[in-house]
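A.B. asks: Residues per chain, in single letters:
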Amino acid sequence: MDTPHPFLSVRNLRKYFPVRAQRLGGARLMVQAVDDVSFDITEGETLGIVGESGCGKSTTGRLLMHLIRPDEGEVRLCNKPVLREGGLTLRELRRNMQMVFQDSYASLNPRLTVVDSIAFGPRAHGVPKDRAREKAHELLALVGLEPHLFGARYPHQLSGGQRQRVNFARALALEPKLVILDEAVSALDKSIEAQVLNLLMELKRDLKLTYLFISHDLNVVQYVSDHVLVMYLGKVVEFGPVDEVYHRPRHPYTQALLASRPSMDPEIKIEKSPLSGDPPNPINPPSGCRFRTRCVHAESVCASLEPAPVNVSSPAGRHTVACHMWIPSSGHSRKLT
Amino acid sequence: MNPSEGARITVELGVPAGPPAAVEVPVGPGVQRTYWQTVGERLAHDPVTLACGFILLLMVAAAVFAPWLGLPDPYHSNSAIRLLPIGSPGHLLGTDELGRDMLSRLIYGGRLSLAMGIIPVLNALAVGGTLGLVAGFSGGRVNMLIMRVTDVFYAFPSILLAVAIAGSLGAGVANALLAITIVFIPQITRVTESVTTQIRAMDFVEAARASGAGAFAIIRTHILGNVLGPVLVYATVLVSVSIVISAGLSFIGLGASPPAAEWGLMLNTLRDSIFLAPAISLLPGCMIFIASMCFNLISDGLRGAMDVRL
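These protein sequence lines are chains C and Y, in that order.
For what it's worth, my numbering labels the leading residue of the first sequence as 1, then goes sequentially.
For what it's worth, my numbering labels the leading residue of the second sequence as 338, then goes sequentially.
Only chain Y is shown next, with the shape it has when bound in the complex (with noise of 0.2 Å):
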């Protein structure tokens, strides 16, 4: 997103910049709100996020609850009924090429588009986020090792990466979610590995090692929680990221294939339509628009309210 929308919802929250002021808080005991709790607070109170986790929500608890909704088959062509334009009575959206129902494909295609965007981004979160943490923590030359094989990941374009990997392991979902997963990783780990060295060269760390506790507790009570936010944040623009990319490698026919209800595999078959419906075919783009946007921003309002100092 553009860094001054960043700042001016930094500004209408009213975050301190740069260090607390060490301002005497009369705060009695019990009332104390964890850092979570002040970051809800925060986002509660900004409307841009709220409405992009409400339209999020929306999208998702659809696409989990399509068969409840009493949507027509989205499976079910008709050649009778090719392209009906957007509002014709019984398709809310229109038909497309082959007269299924758009309406019904759009949010049944959630199901497998915004599982391509969020299960490959968990998987690299996890696999990534544990190098990153142990690259960043380890130093020298485990930090080398680690760093320069991603670094290698790195030298390629990520969709170009991930068009090769899906092409060399052959077409279909689960060869897409792979190849989505290994393009992340580099770029988990690389993120991780950052924000890890940066907490590790604290005094608090320092102070931790001083007090001759092992690596592990270290990391789980001083460096996890420090790190976790800029991953989370990071991983959430992934996740827009993640669902173009999916959409691209079906549109090219190698991810989802015919007759599967998926948005980027639903633009191409769609695109040959273009001229005569173009409305019915910009559909399932405005759907992989409308999913990553909200992504991208509720990343930008998360990295608001969790820049909280505390």
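Next comes chain C alone, as it looks inside the complex (with noise of 0.2 Å):
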């Protein structure tokens, strides 16, 4: 599955966000949104990232997109290293990854029509007018929204995944490698939600796409990817293939996400809730092992040392966990393989 050179490759990215010192000369806190992720993005595949609000998805996003700086860590895209000596410019990296975000109607502007919606990546990348307003148009027809009946409607004339499809052609203006998808099919209704991500699929075949989904729509990002990342508290907790990870989840907090989704039989009722409370504070994250305030299995080497990822055996490719239960030398009384 490893390919020599992966088309995305992220390593240790991390960003700290300051806030405001509570006292006048006190240590600076920081919420530590995104810690040390790794992964790579193999060409043509979708990588799901899982995890509760507030857990870093996002902030990862952005950050790829250099929306916001990373404090740290390195980015390579096609095995050129972005932002770095002989690499790839923000400009550069820009054509060659897009974003869609969750929120259709905050995403495009209310004064411009459609069409300059559309238009306006190509315009700012030095594509003349008259070209660029005519490939706004052939998107359109992409996305599957007639060109001249939507194209000079302006944003509140559209339904919701009217849109999200508009905010799919803005994204695939710029003819992108990768497109990362925000919760992108989040706020729509379930029907228009299935219709939206049939039409990424087939976006992705016909342009050859790679997906970077974030959702945290566990059934979404089962149907829609190869791998899966879940995230907690800014932490990468297991790197799969969705398949895997959803049949045989290894990491605890992996293992109650799952559990906690709703059964599509009636019969079956979650009786109690397998994760209780809401996630740390991640200004004040725990020791040792994020998750271990909330999991069942929690010893004392858990909260002294923090789990490196270990490669777990997996049929389907490389799998890597985070749990002191798979590391065989931790001292974890239960041992995992």
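Hints were generated in silico from the structure; no laboratory data involved.
Here's a subset of chain C near chain Y, in silico, CB distances under 7 Å, partners left out: (1) M65; (2) L67; (3) R91; (4) R94; (5) M99; (6) F101; (7) D103; (8) A106; (9) S107; (10) L108; (11) N109; (12) R111; (13) G121; (14) A124.
We put the CB at the ideal spot given by N, CA and C, even for glycine.
Please dock the two separately framed chains into a single complex, following the hints provided.
C.D. replies: Encoded structure:
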């Protein structure tokens, strides 16, 4: 599965947001939004990122786009370092990587027609106006909106699903290789969501795109992804092929997350929530394993030592877990392999 | 204006509250209206704003075309006909304390008074608007620097600041204009900055940044159009404030100087005659009140009409 040069490789990505110091001269508090996140994406696949609210999913997406400047970490796209000597410039990065946001209304300028919104990106990259508008029409057709009917409309004259299609068209206008979908279908009605998801899959196939699919919806992630990355409080807790992670989750957090999914069978009721309480404060995350405060298997080693991700055997490809139970010499009483 | 007034207008216009419902609007090509067309249409159905606009248009037109209206010379004094009452033959609105025709003086006075209302606002709009855009769009240290400096000006009440600046520059129309402009710049800067900051945080600006566009292109295409509306509404209110402040400066002798026809100055010179001819003495005040009121109401109407969410 691992190619010598992954399409996108992310190493030790870190972002701490400063919070106003509580008292004068006091140490500056930091929200550890994304801490030491590493992963690879193979060309043409979809990597799903799941996790609870505030776990750093969206921040990871924005860091990759350099909408937020990372504190640390290396990103390589097609084996070229990003914003490093001899690597890709910000402009080149953004040509190759585009993003679709959750709020379809807020992500379109209310004062611009659909065509002008889509044509803005190419225009910014020096495409002449007529050509950019022509291209916008083509893209509208591509996302299933009749260009002559929708091109001159303003965002408020469209439904949520139509607006999100326009947002896809806008993201595709620069012919990117990688599209980051940040909760891109989460705000849509279920019926519309299915249509839009199918469109996304078609576009991916036809345009040979690679997706980074960020969502809190476990079912949708299972449907679209090839690999899944599970995040908890800014850390990657589990990464692996989608079927493996969903059918044999190794990390206690992944297990709890999957168990908390509502069942489609009304006979099966979840009696007790597998995850209780809220995630701890990311300003002062627990020592050692960040999940230990909510983990049923937590032991003293979990508080003292942070578990490094280890490979676990998996038939479908690379699968890593960051849990002491999976580290043979960790000292945890439960040993899993 | 009182808030219920604005709310009432909003209801009459049927402006949807909150985010628009995603309704399928069967609109074909060619019947699209731009934002400003929609705003214009709404204003056309707002009687208060229309009436105020009409009154102001009348005032401005009269002031501009004053020499061609066949009015008596506003500077010709005649002590034999001092303080003639309103309705006197030949002097429709009477005469002032030096026997000059009041109607003529009020119309000619509009030239200076209205100009002193509008010019400082336009100047402040250019300077403060730019500063606010830069501060709001850049954020961080640039924002800090610009906004803290404007805060210093904010510490003083606007009239006091205008008097202080005009006083130190010396009397005269140009100095009064400059003083009022300086007073308004921080105010417009702050409004522009706050709206820009708000717009900048929207996803569509984020998406524009993600497309690799430069700051200038983003400001021009995505920020300016969205910031203009609220800032314009605020600027309209400032015109009425400007008229009042400039009248005030002239009243205390820091603006226009006698024998110029200017509403604030006229109010001052007629002050001594208030017991002899109260109606005449109040006329310049009425003009100030009407003009400033009209700008205020128009601003209210604009606010309602612009809240279209397109």
